[in-house]
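J.: Here is how the chains run, residue by residue.
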Amino acid sequence: MSSPQANAAPIYGYLAEFDDKDALFACAKAARARGLTEIEAYTPTPLHGLPEILGYKNYVPHMVFMGGLIGVLTGFGLCYWVSVLEYPLNIGGKPFNSWQAFVVPTFETMILFASLTAVFGMIILNGLPQPYHPVFNVEKFARCSSDRFFFIVLSRDPKFDLNETRRFLAEQKALSVDEVPH
Amino acid sequence: MGSAHGPISVGSAGTQSRGEVWTRPVLVDGDQSLGAVTRRVCDVVEAPKPPRAWYIAITISASLTLMLFGMVVYLIATGVGVWGNTNPVFWGWDIVNFVFWVGIAHAGTLISAILFLLRQKWRTSVNRAAEAMTLFAVCCAGMYPAIHVGRIWVAYWLFPLPNQMQMWPNFRSPLLWDVFAVSTYATVSLLFWYMGLVPDLATLRDRAVTPLRRRLYGFFALGWRGSARHWQRFERAYLILAALATPLVLSVHSVVSFDFAVSQVPGWHTTIFPPYFVAGAIFSGFAMVVTIMVPARELFGLRDLVTMKHLENMNKVILATGSMVGLAYATEFFIAWYGGNAFERFTFLNRALGPYAWAYWIMIFCNVVAPQFFWSKSIRTNPWLMVGVCILVNVGMWFERFVIVVTSLSRDYLPSAWGYFKPTPIDICTFIGTLGLFFTLFLLFCRYLPMVAIAEVKTVLPDAHAHDEHGHAGGAAHGRSPEVQHV
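Read top to bottom, the protein sequences are chains A and B.
Oh and the first sequence: position 70 is 206 in our numbering, straight run, nothing missing.
Oh and the second sequence: position 310 is 1549 in our numbering, straight run, nothing missing.
Worth flagging that the hints you see were computed from the coordinates, not collected in a lab.
Every residue, glycine too, gets a C-beta built ideally from N, C-alpha and C.
Distance condition first, Cα-Cα at most 20 Å in a straight line; then the derived SDA-like pairs of lysine to any residue:
#1 A/LYS276 to B/ARG1452
#2 A/LYS230 to B/VAL1501
#3 A/LYS230 to A/VAL218
#4 A/LYS165 to A/VAL313
#5 A/LYS295 to A/ALA306
#6 B/LYS1661 to B/ASN1589
#7 A/LYS230 to B/PRO1413
#8 A/LYS276 to B/VAL1448
#9 B/LYS1288 to B/LEU1455
#10 B/LYS1288 to B/ALA1535
#11 A/LYS276 to B/ALA1275
#12 B/LYS1548 to B/SER1617
#13 A/LYS276 to B/PRO1450
#14 A/LYS276 to A/ALA306
#15 A/LYS230 to B/LEU1414
#16 A/LYS276 to B/ARG1278
#17 A/LYS276 to B/ARG1454
#18 A/LYS230 to B/ALA1500
#19 B/LYS1555 to B/ALA1567
#20 A/LYS230 to B/SER1412
#21 A/LYS193 to B/LEU1478
#22 A/LYS276 to B/THR1449
#23 A/LYS276 to B/GLY1462
#24 A/LYS230 to B/SER1502
#25 B/LYS1555 to B/GLY1565
#26 A/LYS276 to B/GLY1274
#27 A/LYS276 to B/ARG1446
#28 A/LYS230 to B/PRO1408
#29 B/LYS1548 to B/THR1530
#30 A/LYS165 to A/TYR192
#31 A/LYS276 to B/SER1272
#32 A/LYS230 to B/GLN1503
#33 B/LYS1548 to B/PRO1534
#34 A/LYS276 to B/ALA1447
#35 A/LYS295 to A/GLU315
If you want the ones that stay clear, here's a sample from chain A, every Cβ over 10 Å from chain B, calculated:
#36 GLU174
#37 MET202
#38 LYS295
#39 LEU298
#40 LEU311
Extracted from the complex, chain A is given alone in its bound form:
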């Protein structure tokens, strides 16, 4: 992150504040139309369609699928290894590999592994836990978790320009445009 900072700007980016989600959507579209790529929107609640406008990809489902698969293999592998290889017991004449009975523990481990992957995958992909982030330097940003919408253009964007970008955001019906220090 240090090299773009060096040649671009002394700030992290410009943060525009909106009290209306329509204005935020319009701003996001306009920014994409201008070819800005290092942009991010902050909202108090999920807004549908916004990630698509911003062009984000989401790999959580793929990770969960892998997690579930590993869970199935682990669960069945454990049952099989214990019951057939390590500690074979004759229980009521049932076969050592009573796979029908192993379905239940296997199912539960699948759910367990997939759920852990979903939550921790989401947290890790989101780069959390992250106690410090430059946007927290802007005092107004505290209202982002309540009722305000924010849009940021990062200074590392190749098309970022101290004056130009600020003017662009000011044209977007923003309540305010703030510099975000590093």
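Dock chain B against the given chain A, drawing on the hints supplied.
T.: Frame of chain A, contents of chain B only:
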């Protein structure tokens, strides 16, 4: 595609031109702005002092929790003989209470997962409290299997762990399945609840006025800042968790019922048990949610968020599942007669007419008769009457488990093996203590964590839907701000 959001926006790529003809139902009352919802929920947590009733309630429940700890210590120090479990009833109140609490837990997951997948958006106001309730009920339930093993210091034998005896559990046993099901359920419930809490903890962090609060809430909020990227992954993870928790919750009580159904005991060995247990679990869980949400919304002024409509919907679920449970009772009797097995017939006649007939008829009255009052709109929309009915349902569901566990064991195949189970005061105090633990945890939750899912409720406000008209990046033909396209 996510938190309590509708199919309209999900499908908007293909259906944009359809326009917004359908009007969204109003799911919360009062001020509908984003800030107002934040304030209403956070005010409960941020008030300098909770209402006086909270202090009274927590004093009582915390005392009962202390009593529970005392009982458990006494049990461990002395042995399971302090309970009423004895020949022939070796599963007594411990298993009754275990099944009772696991059953109560199910409503939380039902509300948070199944109603989510079914797009029942009214769930957003009650899901957080119901999930918390799930967690606390699982705490109470999980304690019983651990303490009822007798030698609690070897309770780890329940798990497939390497040990010095090179001994492993039997994976063909429903009791081991139960260990897997309940521990997975506890973990997934905790994950589901915590993940939903993260954005709301960030709200509390951002509103905190003291450094201690900011640090504590900030620590658990993980640095959440509500970026669109965060939300996208969050919503997808939430949806997937709901899809995983749905079969899980159905499996858990099915597995609990296998503990009985796979055995050879008359009255237990029936194939109806899994669906019958699941219906009963949802029934008792919803009754518990209503029982605690009515006082909580009154006490903390959340009547606009948890509206009468929400309570009424839950009462309708109680009515439906209560009727299913009644049908299951009737089916059991029919099969006992139709199946022609003399032991089975005897067991069911003995339930209704034998020494435990009093318990059986309490169960029938509370579970089958009492919920029928909810056919009347005036009863199911009256807060105190509905709490009355729901308390009866909780009593009835406890007796259902008592009837199943105790009557079957006390009348085995041979009269020489018959007996009559009586609980000891230790049994009774332990159970009352778990109620204390449950309510203590719930009261602490009400005071220190947002009782209503703030970010999720915001998705059902009319304010949150204007963007449906926008569509996606590719479909800009219909953007509402023409000036945007000239930039």
